[in-house]
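Trainee: Based on these hints, arrange chain W on the given structure of chain L.
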Amino acid sequence: MLDDIDRQIIQATQTGLPLTPQPYQTIAEPLGLTANEVMARLTAMQNDGIIRRIGAVPNHYKLGYRFNGMTVWNIPDEFIDELGQKVGQLDFVSHCYHRPRHPPEWLYNLFAMVHGKSQQAVDAQIQQIAELLGDYNLGCDVLYSSKILKKTGFQSSKKFKDCRPVTD
Amino acid sequence: MNELDKLIINTLQDGFPICDAPYRQVAEQLGLSEQELLNRLKALLDNGTLTRFGPLYNAEQMGGALTLAAVKAPKERYDEITDIINAFPEVAHNYARNHELNMWFVLATETPGQIQQTISAIEQQTGLTVYNMPKNKEYFVNLKLEA
Chain L
72 MLDDIDRQII
82 QATQTGLPLT
92 PQPYQTIAEP
102 LGLTANEVMA
112 RLTAMQNDGI
122 IRRIGAVPNH
132 YKLGYRFNGM
142 TVWNIPDEFI
152 DELGQKVGQL
162 DFVSHCYHRP
172 RHPPEWLYNL
182 FAMVHGKSQQ
192 AVDAQIQQIA
202 ELLGDYNLGC
212 DVLYSSKILK
222 KTGFQSSKKF
232 KDCRPVTD
Chain W
363 MNELDKLIIN
373 TLQDGFPICD
383 APYRQVAEQL
393 GLSEQELLNR
403 LKALLDNGTL
413 TRFGPLYNAE
423 QMGGALTLAA
433 VKAPKERYDE
443 ITDIINAFPE
453 VAHNYARNHE
463 LNMWFVLATE
473 TPGQIQQTIS
483 AIEQQTGLTV
493 YNMPKNKEYF
503 VNLKLEA
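So the sequences go chain by chain: L and W.
Going by the numbering used here, the letters in the first sequence line up with residues 72 to 239, in that order.
Going by the numbering used here, the letters in the second sequence line up with residues 363 to 509, in that order.
If you are wondering where the hints come from, they were derived from the structure by calculation, not from laboratory data.
No false leads were mixed into what you were given.
Only pairs whose alpha carbons sit at most 30 angstroms apart, straight line, appear in this in silico BS3-like list of lysine-lysine:
#1 W:Lys499 <-> L:Lys218
#2 L:Lys157 <-> W:Lys497
#3 L:Lys218 <-> W:Lys506
Simulated DEER-style distance windows between Cβ atoms:
#4 W:Gly425 <-> L:Thr86: 17 to 23 angstroms
#5 L:Pro174 <-> W:Leu392: 47 to 53 angstroms
#6 W:Leu392 <-> L:Leu73: 31 to 37 angstroms
#7 W:Glu390 <-> L:Leu203: 36 to 42 angstroms
#8 W:Asp382 <-> L:Asp194: 46 to 52 angstroms
#9 W:Cys381 <-> L:Pro175: 54 to 60 angstroms
#10 W:Gly425 <-> L:Ala195: 39 to 45 angstroms
#11 W:Asp376 <-> L:Glu153: 26 to 32 angstroms
#12 W:Glu422 <-> L:Pro92: 29 to 35 angstroms
Think of the CB as a built atom: it goes at the ideal place given N, C-alpha and C, for glycine as much as any other residue.
Isolated chain L (complex conformation):
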């Protein structure tokens, strides 16, 4: 469980890690902590999965990934875990989830996000997923984002504001 000190550290790193030679010391000072304590707590939160990783998040478009597709697949429920793991392991899939169907309109239960620098690249990725799924693929579609209508952090929460959502 997170305590108040963890929450203060989360708050202090919402906008990111300080760009100073000793960033953990920089976080620690205003909180009245030692750098060692901050490092120990960040390590613990990373081990507990509260921190997915410490690192850089690039803007897809700036790196040239202009084709970002949400591929959706209708997979028999009894095979979805096995196949979901396999699709998730493909190196070009950034997110892979099992989500509920909404029949009759929405029969897709496997979601995999793919990213490419060209339509051709993304088409090849989709083909590769389709081949992996084989006969278990009862139907699929690809939804491209035509416009970003909103993109912010978690504004609803003062405590957790700016934590990155894990879905794209």
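Mentor: Only chain W this time, still in chain L's reference frame:
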């Protein structure tokens, strides 16, 4: 963005050390000075190539909740529906997509119960059905994209 920037971006997507002087450690691996790495990193953040550098928190592990949801917004009401949905502070992302379900958004709330409350409020204000698609299972999440 030059080759060195690409190397920095790719390296820093893999994780970052927790130690006294982590930038120096990474800089040494890359054959740079600490100051050079800090300067490049600042430039990549300032020009928007990187949207964030630091710990990536998992909202659900902190007691919060997330879901992906979609609506079928009629073309003639698309802007109005966008405004209604975007006005909810719980809406973290909202994307137009090329499908009959043509608006897809991520809800992020402090507690799981607030997800359903927000969906009900969106349905009431838009008059549309919200297709709620919370994850049943996560197979993989890796935000890494090669520069």
